[in-house]
Amino acid sequence: MARDTALRIDAVVASGLVKDFGTTRALDHLDLVVHTGEVHGFLGPNGAGKTTTIRILLGLLRASGGRVALLGGDPWRETAALHRRLAYVPGEVNLWPNLTGGEVIDLLAALRGGLVQSRRAELLDRFELDPTKQIRAYSKGNRQKVALVAAFASDVELYLLDEPTSGLDPLMETVFQDVVHAVRDRGRTVLLSSHILSEVEALCDRVTIIRNGRAAESGTFAELRHLTRTTVVVETARPPTGLASMTEVHDPSIDGHRAEFSVDTDDLNTVLERLVQYDVRSLTSTPPTLEELFLRHYGDQLERDTVLEAV
Amino acid sequence: MRILTAADFTGTRRLTRLAARRDRYTLPAWWAGLGLFVAGTTALFVRDLARYEDLVQETSLVATNAGMRLIGLTSGASVGGYMLHREYVTLAALAALMSTFAVIRHTRQNEELGRAEMLGSTVVGRYAGLAAGVLIAVAADVVLTVVLAGAIAVNGQPAEEALLAGASVGAVGLVWVGVAAVTCQLSSTTRGATGIAAGALGFAFALSGIGNMIGSVDRAGLTVTSAWPAWLSPIGWGQQTRPFDEAHWWPLLFAVAALGILLAIAVALAARRDVGRGLWPERRGRARASRALLSPAGLFWRLQRSAFIGWAVALTMFGLIFGSLTEQIQGLEGNAKDWWTQTGGTDQVVDAYQVSIIQMAGMFVAIYLVQILLRMRVDETGGTLESVLASGVTRTRWLWGHLVNAIAGCVVLMVLFAVSMGLTAGQVLGNPATQVRELVWAGAVQVPGILVVGAAVVAAICLVPRWSVPASWGVLLTTLVVGPMFGPGLNLPSWVQDLSPFTHSPKAPAVDVTATPVLALTAVCLGLAASALVALRRRNLALPA
Chain V
43 MARDTALRID AVVASGLVKD FGTTRALDHL DLVVHTGEVH GFLGPNGAGK
93 TTTIRILLGL LRASGGRVAL LGGDPWRETA ALHRRLAYVP GEVNLWPNLT
143 GGEVIDLLAA LRGGLVQSRR AELLDRFELD PTKQIRAYSK GNRQKVALVA
193 AFASDVELYL LDEPTSGLDP LMETVFQDVV HAVRDRGRTV LLSSHILSEV
243 EALCDRVTII RNGRAAESGT FAELRHLTRT TVVVETARPP TGLASMTEVH
293 DPSIDGHRAE FSVDTDDLNT VLERLVQYDV RSLTSTPPTL EELFLRHYGD
343 QLERDTVLEA V
Chain W
581 MRILTAADFT GTRRLTRLAA RRDRYTLPAW WAGLGLFVAG TTALFVRDLA
631 RYEDLVQETS LVATNAGMRL IGLTSGASVG GYMLHREYVT LAALAALMST
681 FAVIRHTRQN EELGRAEMLG STVVGRYAGL AAGVLIAVAA DVVLTVVLAG
731 AIAVNGQPAE EALLAGASVG AVGLVWVGVA AVTCQLSSTT RGATGIAAGA
781 LGFAFALSGI GNMIGSVDRA GLTVTSAWPA WLSPIGWGQQ TRPFDEAHWW
831 PLLFAVAALG ILLAIAVALA ARRDVGRGLW PERRGRARAS RALLSPAGLF
881 WRLQRSAFIG WAVALTMFGL IFGSLTEQIQ GLEGNAKDWW TQTGGTDQVV
931 DAYQVSIIQM AGMFVAIYLV QILLRMRVDE TGGTLESVLA SGVTRTRWLW
981 GHLVNAIAGC VVLMVLFAVS MGLTAGQVLG NPATQVRELV WAGAVQVPGI
1031 LVVGAAVVAA ICLVPRWSVP ASWGVLLTTL VVGPMFGPGL NLPSWVQDLS
1081 PFTHSPKAPA VDVTATPVLA LTAVCLGLAA SALVALRRRN LALPA
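Heads up: the sequence lines are chains V and W, in that order. Under this note's numbering, the first residue of the first sequence carries the number 43, and numbering increases by one thereafter. Under this note's numbering, the first residue of the second sequence carries the number 581, and numbering increases by one thereafter.
Hint data in this document are derived by calculation from the structure and do not stem from the laboratory. Here a beta-carbon is modelled for each residue, glycine too, at the ideal position from N, C-alpha and C. Don't take each hint at face value.
[What the hints assert, rightly or not] Chain V side only, calculated, beta carbon under 10 Å to chain W, not exhaustive: (1) Arg104; (2) Gly144; (3) Ala152; (4) Arg154.
Model the full structure from these sequences, guided by the hints.
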């Protein structure tokens, strides 16, 4: 019963999603839940399975196993009906080279069920896109803008964006973020797959980190931060001897009266109590950045790659 | 213009080797295809025109008819000469296209796809890319010359004349190496550059065709002396070598000179433009889509419109020519008459001729159909399908959008051909209205047979997507070879001939149309299409990574 309610409320529910391409397993029991009305970040390195997931959500690929619901429906069976309620920006924008940008925007929106004329004009203006040029004459960034305008000019329930800003300059990145904020303010849902951590941090309510076809972590930033360690730099009147031997203290580097270490959020109190004994003069504590979260999940992969390269 | 230095060509060798490596299947496929085509048709004419009287009659037929002069130059009665009359323009055009594609593949396409930028940042000279494209294409034309000479010589034709015949084709290829080198400086896109080169080819064909058409025929009716426009065309230069008659090598010097001049122009133009840009400004288009574009069918029509128009013009022109040939056909005797009546299924030579020509038109339209339907595969692998299917279009509707265009295109092309053939045939026979009516009906009943080939292509795309391109062309080639045009001539057993849908297409207007074969062919189409649809709805799509 609880699951049925969840299906109705959440824009995307995937559980135990498996996708095999021949003998390669692209998705390995992936879980992903996107609540309605949120901007959900979908983070992962190249080849982690982000695009495969989105293509399954679009009914372009058929899942080999697991359950998936999109806007309460089955993306493989009710493909076209669901597509009228969503807009998609592919990671690699492949369009018809001899149509103009304006024609492509109208075409894609019409196939989806229409667009809001005033918004089309506004978006063209904000993204500084010339709609009279042929697609072949656009740069990568401008082709991406065509896809973005085509998507955001339609008023739909769900926006699926697959690395939509990889070719945009910082100015256009800001415009993009404004547009996503506006969409969320209207109560729409956005699934944003991205490499750009600052973008995800600025836009997303919750994130799912995917790795080797599995969801490695999922939650709000606060929740994710909770799972990881805070960096503490402290200066004390007495040398903090014995600090390094505490099990709660990780990666300590102690230099006379100055110590730098990281500590699990749950252990902060214990460590602070001990620090007081050394007479604290100054203390800075830095919550983990998204980069650190990200690196923590991929760190061992990086190390393994380094080892491989060394071989 | 600045003097060229060796530094401008640094890295040419490496780039040429890269180009050769990239073309290691493409170019041999061109050589083999053209070589087999020439070997096959020469063998056919060697056999069919073994009697000298037949050769003379056929030659005088094509020399005295203005329409046939348009498509080839006649130069005395010889099997080799007759083969060149029939095939030279096709061969020259294909050689020109081979050269054009090769040059553009290694120059403009590299720039358009951004590869040239990466290569250009390494140690290569300004003109190294262009030089590599030109070298590889020139080499391709030289090999083609030798292959074609061999293909003619193995059929017992004199070796030196065969070499000249090969060179007359290769020379046109050489000129288009130069043409493409220039057009890829003018346009900033691969399509644009290819389009201008193809346009130049059409113009060259028109010049040589008109020059031959308005030329004069000698008293024996076997040799045509071309009028001056033919001498302005590279195709005309090749024809004027008259390999199996007077055998002149000197007209080929024009081709070599043209290549040199065009390359000089290309280098001069290349010095005046930026990498990635053309000399001609990019075209602007509409800021809003017209209503007609806003559906899958409308979109696909827009994308194939220009290809369709090209086919429509060509088929209309051929319809007019073949209709006017009725006059010469009426007077045929002997072997030449037997050839038509054998393939036409009636002893009335004009009827038999019309049956054959309508069926031949059907086979041409089948080529169009295969070419157009294979764009579905390009849609899928090129990534444009992803955007369409992600925006509320079902797979069925996408397929239907392609089918509507393909079927309507086939019908319109057949009708255009039939009407234009009926008009000129009717002028000869004095009953245009009847001719048009009968031929349009004859053309219409060919459509189910043509569509069987199309349905096979769609089934291949949906069932065996990875193999769909070779499978589709393979099916087309098989249906043509075992069908009524070549099957009887190759003495194939009847069950093999029955494999081709064209064997079952009604032999109208000579024979009354019966419903059974038309319905059976339609049923085969529907069966293939249904299996394709079922497969398409189930399978994964091969989207770009």
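Status of the hints after comparison with the structure:
1. Among the interface hints, the one on V/Arg104 holds; its C-beta lies about 6 Å from the nearest C-beta in chain W, closer than the 10 Å criterion.
2. With a least beta-carbon distance of about 4 Å to chain W, the hint placing V/Gly144 at the interface is held under the 10 Å criterion.
3. Here the hint on V/Ala152 is kept, as its CB sits about 4 Å from the closest CB of chain W, short of 10 Å.
4. Contact between V/Arg154 and chain W, as hinted, is supported at the beta carbon level, the nearest pair being about 4 Å apart and thus within 10 Å.
Every hint from the earlier list agrees with this structure, and none is contradicted.
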